[in-house]
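Trainee: Using the sequences and the accompanying hints, generate a full structural model.
Going down the list, the protein sequences come from chains A and B.
With the first letter of the first sequence counted as 1, position 276 gets the number 276 in UniProt numbering; the numbers rise by one all the way through.
With the first letter of the second sequence counted as 1, position 179 gets the number 179 in UniProt numbering; the numbers rise by one all the way through.
Hints were generated in silico from the structure; no laboratory data involved.
Every residue, glycine too, gets a C-beta built ideally from N, C-alpha and C.
Heads up, none of these hints are tricks.
Output of the computed footprint for chain B on chain A, the stretches with three or more beta carbons under 8 angstroms from beta carbons of chain B:
(1) 1 to 15
(2) 61 to 74
(3) 251 to 259
(4) 262 to 274
Protein chains: 2
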Amino acid sequence: MTLETVSEVKSHGGVQGVYRHASAATTTDMVFSLFLPPQPERGEPVPLLWYLSGLTCTHANVTEKGEFREACARAGIAFIAPDTSPRGPDVPDDPEGLWDFGQGAGFYLDATQQPWATHFNMRRYILDELPALVAQHFPADMTRQSITGHSMGGHGALTLALSSPGRFRSVSAFAPIVAPRQVPWGRKALRHYLGEGDAVWRAHDTVALIEDGARVDELLVDIGEADPFLEKELRPELLEDACADAGIPLTLRRQAGYDHSYYFISTFMADHVGWHAERLNR
Amino acid sequence: MTLETVSEVKSHGGVQGVYRHASAATTTDMVFSLFLPPQPERGEPVPLLWYLSGLTCTHANVTEKGEFREACARAGIAFIAPDTSPRGPDVPDDPEGLWDFGQGAGFYLDATQQPWATHFNMRRYILDELPALVAQHFPADMTRQSITGHSMGGHGALTLALSSPGRFRSVSAFAPIVAPRQVPWGRKALRHYLGEGDAVWRAHDTVALIEDGARVDELLVDIGEADPFLEKELRPELLEDACADAGIPLTLRRQAGYDHSYYFISTFMADHVGWHAERLNR
Numbered sequence: 001m002t003l004e005t006v007s008e009v010k011s012h013g014g015v016q017g018v019y020r021h022a023s024a025a026t027t028t029d030m031v032f033s034l035f036l037p038p039q040p041e042r043g044e045p046v047p048l049l050w051y052l053s054g055l056t057c058t059h060a061n062v063t064e065k066g067e068f069r070e071a072c073a074r075a076g077i078a079f080i081a082p083d084t085s086p087r088g089p090d091v092p093d094d095p096e097g098l099w100d101f102g103q104g105a106g107f108y109l110d111a112t113q114q115p116w117a118t119h120f121n122m123r124r125y126i127l128d129e130l131p132a133l134v135a136q137h138f139p140a141d142m143t144r145q146s147i148t149g150h151s152m153g154g155h156g157a158l159t160l161a162l163s164s165p166g167r168f169r170s171v172s173a174f175a176p177i178v179a180p181r182q183v184p185w186g187r188k189a190l191r192h193y194l195g196e197g198d199a200v201w202r203a204h205d206t207v208a209l210i211e212d213g214a215r216v217d218e219l220l221v222d223i224g225e226a227d228p229f230l231e232k233e234l235r236p237e238l239l240e241d242a243c244a245d246a247g248i249p250l251t252l253r254r255q256a257g258y259d260h261s262y263y264f265i266s267t268f269m270a271d272h273v274g275w276h277a278e279r280l281n282r
Numbered sequence: 001m002t003l004e005t006v007s008e009v010k011s012h013g014g015v016q017g018v019y020r021h022a023s024a025a026t027t028t029d030m031v032f033s034l035f036l037p038p039q040p041e042r043g044e045p046v047p048l049l050w051y052l053s054g055l056t057c058t059h060a061n062v063t064e065k066g067e068f069r070e071a072c073a074r075a076g077i078a079f080i081a082p083d084t085s086p087r088g089p090d091v092p093d094d095p096e097g098l099w100d101f102g103q104g105a106g107f108y109l110d111a112t113q114q115p116w117a118t119h120f121n122m123r124r125y126i127l128d129e130l131p132a133l134v135a136q137h138f139p140a141d142m143t144r145q146s147i148t149g150h151s152m153g154g155h156g157a158l159t160l161a162l163s164s165p166g167r168f169r170s171v172s173a174f175a176p177i178v179a180p181r182q183v184p185w186g187r188k189a190l191r192h193y194l195g196e197g198d199a200v201w202r203a204h205d206t207v208a209l210i211e212d213g214a215r216v217d218e219l220l221v222d223i224g225e226a227d228p229f230l231e232k233e234l235r236p237e238l239l240e241d242a243c244a245d246a247g248i249p250l251t252l253r254r255q256a257g258y259d260h261s262y263y264f265i266s267t268f269m270a271d272h273v274g275w276h277a278e279r280l281n282r
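Mentor: What follows is the structure, encoded as structure tokens:
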């Protein structure tokens with residue numbers, strides 16, 4: 001598979017790259033960023049931390065504002081940030097013209113309904129196509145992967161990890177959507193991409209996946225108490241209940257005064273990188 | 001003086017604010033950002049580190065990409081990032097339509113030539129008007145200020161510190177323009193803002209100020225060896241020569257592989273914050 005280098009810039013001792021490739025999963029070009037820490041110059045493959053972004057974001061938001069490079073360089077971890085959906089003039093977009101669905105809002109699932117199913121296949125893009133590309137082009141140890149994400153990307157990290165046992169050594173999230181079946185952003189996306197039908201929706205809902213028996217070893221989740229989406233869209237109490245019932249050790253940190261922005265994410269990014277590093281380097 | 005709060009967001013334990021005010025120096029509205037670390041909640045005024053940005057930038061570039069908050073929160077230092085020039089439809093701009101002069105390129109001097117002199121008075125804005133506003137509205141210890149900056153903002157930090165003895169406890173720079181009299185960006189700006197005349201230009205040129213007797217205790221400067229502007233616009237060797245002749249201790253670090261971007265700046269930002277913190281907290 002061919003990879004086009006958009007840019008490669010030295011930062012924090014490593015290389016922050018941005019790359020473009022033709023995707024079979026989305027039938028569009030896709031752009032992602034990947035930070036490679038200094039260690040690969042010595043020839044050792046490094047573990048890989050996935051970061052899935054939230055609604056409206058591209059790879060660029062976390063790449064510019066995430067403050068992850070210092071921690072990743074120190075821990076010797078590569079950091080990959082994919083886009084949040086296919087994009088382009090031929091890709092359908094929100095019929096309501098809003099920002100919470102369509103381009104920038106792929107919800108990390110494979111759509112089954114048209115006109116979405118042709119392009120909106122972010123689940124297999126993230127789980128299959130992009131890892132194969134990374135393995136081919138970068139010194140990443142694909143036996144050591146972890147995943148995190150923000151908001152819709154927290155939903156992505158949690159649902160992909162829960163539904164792919166053994167694939168990720170650890171999973172964490174910043175202000176995740178944990179029950180899309182029960183909140184407006186999620187219901188809109190699931191209805192369009194998957195059609196009606198709760199059984200189908202449950203496979204893409206963190207709380208339902210846990211209720212239905214999916215497990216991870218443990219979870220780290222940060223939430224800002226001043227997050228304007230907390231009560232209506234995020235509803236961390238539903239994750240707490242599901243984890244308590246399932247016996248999944250959940251570290252849920254309610255951070256006083258923090259909102260939903262990268263000013264919140266960047267504050268706790270080094271904590272998450274360090275937490276994953278412990279589990280990736282065991 | 002009235003201050004309008006554009007936004008205040010919690011980050012790294014402190015508050016990242018963006019503020020707008022009517023400026024007498026520029027006769028425009030001006031926007032700046034100020035990060036206040038957690039310490040003032042305990043009532044202690046904190047030292048203030050100025051960061052002057054480079055060509056084309058506003059307060060936003062370093063605020064989003066600078067990775068300074070963790071270090072400032074740890075050291076208990078406030079961080080202020082002004083804009084680089086007056087802006088607006090009534091403010092004249094580069095007659096050539098380029099990005100290296102006019103709006104976004106105030107060069108931290110007070111223009112004497114029209115049409116520039118009405119608005120382009122960034123020197124007195126940074127040295128007089130904005131400090132008075134900060135002292136009025138924030139718990140900053142104005143007896144403990146330091147200054148740094150990038151590219152044109154490195155020029156600003158160095159020239160303001162050299163020409164205001166005792167004002168700043170320490171000064172550093174990232175990839176500064178050190179001899180505007182001798183390089184294209186600088187000559188264009190000095191000619192338009194100040195008119196012809198080397199005697200006038202020397203007062204706004206770091207190397208000339210040092211040659212003419214201005215002194216600071218020491219300097220910390222980082223330069224990227226892969227900076228595309230290194231040889232034509234930055235010319236750090238001229239600063240090395242001037243400091244050697246003047247007996248100013250200069251720590252000039254030539255960082256292999258780094259360019260002119262915020263990927264470079266953010267890599268060494270914590271070093272600079274820590275270096276200033278040592279001198280501010282003595």
